[in-house]
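Under this note's numbering, the first residue of the sequence shown carries the number 17, and numbering increases by one thereafter.
FYI, nobody ran anything at the bench for these hints, they're computed from the structure. Treat the hints with care, as some may be off.
[Stated by the list, open to error] Simulated restraints, written as ranges between beta carbons of each label pair: (1) ALA33 - ALA115: 30 to 40 Å; (2) GLY36 - ALA124: 10 to 20 Å; (3) TRP98 - ALA124: 20 to 30 Å.
By construction, the Cβ of each residue, glycine as well, lies at the ideal position given by its N, Cα and C atoms.
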Amino acid sequence: MPLFVFALTILFCPAFAEAGNTPRWALLSIALPAFLILFKSYLIGSRAPAVHWVGFIWLAWAAVSLFWSLSFYDGVVGLWRWVLFGIAFYLGSQLRVDAIGRIALAFACG
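Turn these sequences into a full structure, and let the hints guide you.
Structure follows, in structure tokens:
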């Protein structure tokens, strides 16, 4: 995971209109769901606290509100970014203490 954080901070591709933004969202869209599925051994494994459930309910409401949105596709992109933020929040809250230091160091190096 520290290598992923380092790659995320230095990722830049001039072929995109938003050269520093679009490749990072693409990397997050691929990596965060994969981390959620593959790295169960790095997670603490405790039950999700009530704050996580409040966030999940908010995301569900945001998904339902897409039905009366003026721009459905822009809303889907925004909702996906909030889902990625929720996955990152969940993964960060469930990491072991020794992994947090290495991730912070990789972020600082990037």
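Looking only at beta-carbon atoms, does the pair GLY36, ALA124 fall within the given range of 10 to 20 Å?
holds (18 Å)
Cβ-Cβ distance between TRP98 and ALA124: within 20 to 30 Å?
Since the Cβ atoms of TRP98 and ALA124 sit about 26 Å apart, the hinted range of 20 to 30 Å holds.
Cβ distance range 30 to 40 Å for ALA33 and ALA115, holds or violated:
holds (35 Å)
Of the numbered hints listed earlier, not one is contradicted by the structure.
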